[in-house]
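K.L.:
Since the structure of chain A is provided, determine the placement of chain B on it from the hints.
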Amino acid sequence: MVYLTRKAEFSASHYYHNPEFTPEENSRVFGKCNNPNGHGHNYTLEVTVKGDVDARSGFVVDLKQLKEIMNREVLDAMDHRFLNKEVPEFFTHIPTTENLSIAIWQRLATKLEKAHLHRVRVYETPDLFVDFYGEQ
Amino acid sequence: MKAYLTRRYLFSASHRLHSDRMSAEENRATYGKCNNPHGHGHNYTLEITVSGPVDQRTGMVCNLVHLDGFVERELLARYDRENLNVLPEFVATVPTTENLCVELFKKVQRGFHRAHLERVRLEETMLNSFEYRGGNEDHRIW
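For the record, the sequence lines run as chains A and B.
For the first sequence, position 26 (counting from the first letter as 1) is numbered 26 according to my numbering, and the numbering increases by one without interruption.
With the second sequence counted from 1, adding 1000 to any position gets you my numbering.
These are calculated hints, taken from the structure and not from any lab test.
Note that the structure is predicted; figures quoted are calculated from it, not measured.
Backbone N, C-alpha and C define an ideal beta-carbon position, used for all residues, glycine too.
Treat the hints with care, as some may be off.
[Unchecked claim] Here are the simulated DSS-like cross-link-like pairs (lysine-lysine), alpha carbons at most 30 Å apart as the crow flies:
1) B:K1002 x A:K114
2) B:K1002 x A:K32
3) B:K1002 x A:K67
4) B:K1033 x A:K111
5) B:K1107 x A:K85
6) A:K50 x A:K7
7) A:K50 x A:K85
[Unchecked claim] Quick list of the computed label-pair ranges, beta carbon to beta carbon:
8) A:E86 x B:S1014: 46 to 54 Å
9) B:E1072 x A:K7: 29 to 37 Å
10) B:E1072 x A:V53: 51 to 59 Å
11) A:E20 x B:R1073: 43 to 51 Å
12) A:E20 x B:K1033: 57 to 65 Å
13) B:T1125 x A:L112: 34 to 42 Å
14) B:A1092 x A:R56: 58 to 66 Å
15) A:P126 x B:K1033: 26 to 34 Å
16) B:G1032 x A:T125: 31 to 39 Å
17) B:P1053 x A:D62: 30 to 38 Å
18) A:N37 x B:S1019: 56 to 64 Å
19) B:G1032 x A:K67: 43 to 51 Å
[Stated by the list, open to error] Just a few of them, taken from the derived set where beta-carbon distance is under 7 Å, the chain A residues facing chain B:
20) V2
21) N18
22) V29
23) C33
24) D54
25) E89
26) T92
27) I102
28) L128
29) V130
30) Q136
Same shape as in the complex, but just chain A (with noise of 0.2 Å):
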């Protein structure tokens, strides 16, 4: 079993709001991300997916087919967008790197053909990140 990662970049804006919470419950726990105008991020995604190394080609993953597929289920629909207004997953979710990290797991896990998905991470700044393996 090899595991191979593959990084990508993205920006995007969001706020953090719960519509079941009053605008003070919303306020103290989400603090300054409740700001409805939004703020932006910068993010950091690494794919990692693991399978056997294909003894004919030598690859755990065709590395292309990998980046076309980050790039149409995940660049294409959340680079320099608000996630909240404009991503389906964030309509009924509260945009969090943890569900953030969840949406493009699932977004990902159906598409791939022969390698396994093992693990997203997103960073939301250099210093936060979130890891998910899927439903465990």
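P.N.:
Then chain B, alone, in the frame of chain A:
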């Protein structure tokens, strides 16, 4: 949905590696420049990974305000700009980064209960780092 959240913090401290169980020659041979009696310092980078289900109401594993507050109050205020050797926990224990990493893990495990502590990783310099997962390692790669 279980997710793993990692946060990085910085602190600076000095230490001297010296064991009372060794002779002066052994100390010099074992610790080299780190045995200098006057001590020396590092900019440490501390990484704390916690895990748990993502709270449906907040979208969070744990509120960073709580984690940051705990780390600031219990770890950074204690270790930043300090000489590790004079602290009680290192009077009888050599303040290697291994031992410091284990000590930090224990402090988080004892005091922070808003998410499950997975690991503490400590960078002493850009070129070396240590991590401790409390002896119950999960053999997934990070």
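K.L.:
If you test the structure against every hint from before, which numbers come out violated?
P.N.:
4, 5, 7, 10, 11, 20, 23, 24, 25 and 26
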